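Enquirer: Protein chains in written order, with numbering that gives the first Met the number 0: chain A, 0 to 324; chain B, 0 to 517.
Listed next, with one range per pair, are the computed distances between beta-carbon atoms:
(1) A/220 - B/390: 57 to 63 angstroms
(2) B/374 - A/88: 42 to 48 angstroms
(3) A/72 - B/101: 38 to 44 angstroms
(4) B/379 - A/61: 49 to 55 angstroms
(5) B/88 - A/147: 56 to 62 angstroms
By construction, these hints were calculated from the structure, which means they are not laboratory data.
Given the structure is predicted, the values throughout are model-derived calculations rather than measurements.
C-beta: ideal position from N, C-alpha, C; glycine also.
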Amino acid sequence: MNASYLMKRLGYGLLLMLGVVVLNFLLIRLAPGDPAVVIAGEMGGATEEMLESIREEYGLNKPVLTQLGIYVGNILQGNLGESFFFNQPVSKLIGERIFPTILLVLSALITAIVLGVFFGVLASRKPNGVLSAAVAVFSSIGYAVPVFWTGIMLIILFASVFPIFPVEGMMSVKLRDANIFIRSLDVLHHLVLPAFTLSVIYLAQYARLSRASMLEVLGSDYIRTARAKGASERTVLFKHALRNAALPILTVAGLQFGSLISGALLVETVFNWPGMGTLAFESILRRDYPTIMGVLLIASGIVVVANLLTDMSYRIADPRLRGES
Amino acid sequence: MKLMSRLLGAAAFAAFSVSSIPAFADGGTLVIASTQTPRHLNGAVQSGIATAIPSTQIFASPIRYDENWEPQPYLAKSWEISDDGLSVTLNLVDNATFHDGKPVTSEDVAFSIMTTKENHPFKSMFAPVESIETPDAHTAVIKLSKPHPALLLALSPALAPVLPKHVYGDGQDVKSHPANSAPVGSGPFILEEFAAGGDAVLKKNPNFFIDGRPMLDEIIIRIIKDESALLIALENGEADLYPFMAGSQAIRRMEKNERIGVTSEGYAGVGPVNWLAFNTNSPKLSDVRVRQAISYAVDRAFITKALHRGVSQPQRGPIIESSPFFDASIPSYDVDLDKAKALMADAGFAEGMDLTVDYIPGPKEQQQSLAEYMKSQLKKIGINVTVRAAPDFPTWAGRVGGHDFELSMDVVFNWGDPVIGVHRTYLSENIRKGVIWSNTQSYANDKVDDLLNAAAVEMDPAKRKALYGEFQQIVGAELPVYWINALPYHTAYDKKLQNVPTGIWGTMHPMDTVHWSE
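Sequences are here, hints too, so could you generate the full structure?
Expert: As structure tokens, this is what we get:
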């Protein structure tokens with residue numbers, strides 16, 4: 000791996016994040032509504048003096064470009080500011096929520112890749128078979144159905160009609176004092192529905208993608224050679240074919256990390272999952288500028304890093320790309 | 000398929016493992032579910048349900064109220080009001096301590112009341128308080144600039160938490176004090192855990208100053224933003240109590256559940272009035288006859304019986320009908336379309352007019368549905384209504400606070416005494432552009448100002464009621480607001496729960512007597 004290439008990509012990433020900060024800062028301020036009025040509303044009302052003191056306290060009475068300069072300066076010093084709503088450091092709020100979001104996103108990603116590839120490989124064995132048709136139908140449905148609708152349907156089915164899974168949250172409050180093993184199981188129990196909901200759309204994509212990749216690879220000479228050598232069907236499929244078919248899947252998985260994060264926003268809201276998505280959604284409604292900005296900055300950072308890692312892993316997997324910059 | 004069966008097996012194992020664990024510890028845990036997120040837990044500088052429910056468990060206050068609007072001892076074992084009404088002496092219990100072990104003294108009470116006066120949005124609560132003398136550690140004498148009949152009610156747990164001076168008196172701004180999210184009080188429960196936007200976990204205070212209380216070991220306040228999910232959690236036993244439930248579908252659904260009890264008691268103090276506000280500065284609405292015509296065209300009975308499925312009650316005036324100050328003789332404006340049309344013609348609008356109605360984003364049933372109903376109903380008297388939805392609270396608050404509206408639907412709380420929650424809407428001195436929940440109607444009437452100012456200092460309950468009666472008659476005729484219904488707040492609870500809070504403040508009251516039957 001070329002070090003200068005890595006530095007260049009990191010530089011692009013930082014520039015991108017700066018662009019995200021400036022664009023979001025200006026966009027948020029275009030939205031109607033005064034944060035001071037929201038804070039006063041949450042307090043139950045206020046006098047003009049209180050409103051002015053709130054604006055003064057949070058620097059809202061300064062020109063927008065001055066506010067932007069102050070904000071960028073603070074970010075460069077690692078300070079994401081204080082939440083207007085909670086009066087707590089944004090870094091603390093995000094710190095409390097980043098793990099649930101990453102857990103949800105990674106669980107959904109792994110579920111989508113494992114199940115999607117599994118069904119895609121199965122479907123590729125008999126391209127005109129029933130299973131292949133079923134995968135195609137499921138993929139189309141999974142791709143078309145809005146993620147919040149899937150979530151609500153799953154809640155109704157598996158939390159209300161058949162109450163197998165919890166309806167919301169990440170942990171049962173009544174199990175707070177249980178040991179770590181029970182609590183971990185409890186988190187897994189809560190994770191099933193949101194992770195599956197978030198994974199459905201991507202699962203469908205991976206199934207289609209892996210089916211198409213496998214069909215292409217299965218027609219190759221070396222697969223015919225492997226079969227001629229007497230390799231079992233499992234070895235042919237998973238050892239010879241899937242390894243080569245996995246490259247596009249790997250690329251897509253990395254590139255989709257950003258949309259997975261945005262999908263998590265909806266899923267977290269539906270399932271009351273205590274992650275960054277819920278925080279972002281509520282902060283937008285509250286015009287809590289520092290928190291919105293902080294969440295967007297961290298989310299964009301995660302996406303930049305994920306893309307970089309994908310790029311690097313792709314170069315490791317495919318030697319032909321190593322010399323390119 | 001082996002992989003699939005393994006995954007399903009793991010999920011089933013997780014489900015089995017969790018569901019087979021005993022749910023309750025000894026003494027009992029109460030899980031209160033709420034859709035509202037508190038900014039923090041200090042009710043001295045923050046109004047609202049979300050803060051008040053935990054705040055009243057963590058902090059004690061000088062006085063608390065029973066279900067008959069009668070003040071009862073709490074941190075103050077007794078109190079005396081001077082004959083001139085200008086001095087109120089609180090005699091404090093001598094065994095109360097804060098959760099950090101320090102004693103509760105009159106200094107703390109004085110500090111708390113003055114802090115609340117300076118920082119709480121309800122300025123009228125303690126506006127007449129000039130100073131508080133502390134002749135000894137357990138006596139606080141509140142000195143007033145004028146008699147203040149609402150003072151005792153303002154000393155309730157929901158409005159006047161007693162803060163530890165040794166924590167909050169460190170010179171930091173109390174509104175953003177770090178202790179607001181990790182408060183130390185002297186109430187029946189101690190805060191154990193609270194993450195911003197997340198659940199609050201409260202543990203029993205073993206040194207609570209009332210013997211044998213609290214009866215529960217633990218209260219957990221769980222934030223579930225989506226009401227559908229919340230109801231399922233209640234049905235599944237994941238939550239035990241859901242206060243401030245207002246949707247008719249939700250109420251009827253819970254009533255059908257044999258395991259769950261539902262009560263409408265516990266909201267007299269809050270006094271939530273759902274109304275249609277008129278911008279009296281608008282040339283179309285400045286004529287009282289137009290406002291009266293609209294009031295005659297809207298059918299409260301249809302709204303409460305049909306749109307709200309009978310769960311809400313009509314509200315005829317500015318003071319909640321369950322309050323002792325409500326005047327039942329206020330004009331009711333029973334639906335009369337002919338009279339409404341005649342009033343429109345008298346006002347010079349025989350050809351009709353166009354109006355826009357805004358509504359506070361919230362429960363669709365109380366706001367959007369009513370706004371849409373008005374659109375069809377007012378069309379019958381020639382008024383073309385455009386329903387202007389706001390995507391979120393800030394947008395709506397900007398419009399109404401900025402007086403950029405014609406009609407607006409909203410819910411406003413009475414907060415126990417008219418001085419606290421009613422005066423703000425009708426006093427002409429409270430017309431403050433840019434300030435939500437002030438007199439955004441721009442309504443001004445000198446007589447109303449005089450009556451409200453007189454009622455604010457009248458210590459004789461009968462005379463005070465008469466003053467409020469006259470006030471209600473005037474605003475009932477002039478209609479700066481058309482009052483529609485009392486928001487049908489209900490509490491849903493597990494029937495095994497005993498002493499469910501049903502006093503005037505409901506769950507915004509210390510739950511030291513709440514316990515499980517088994």
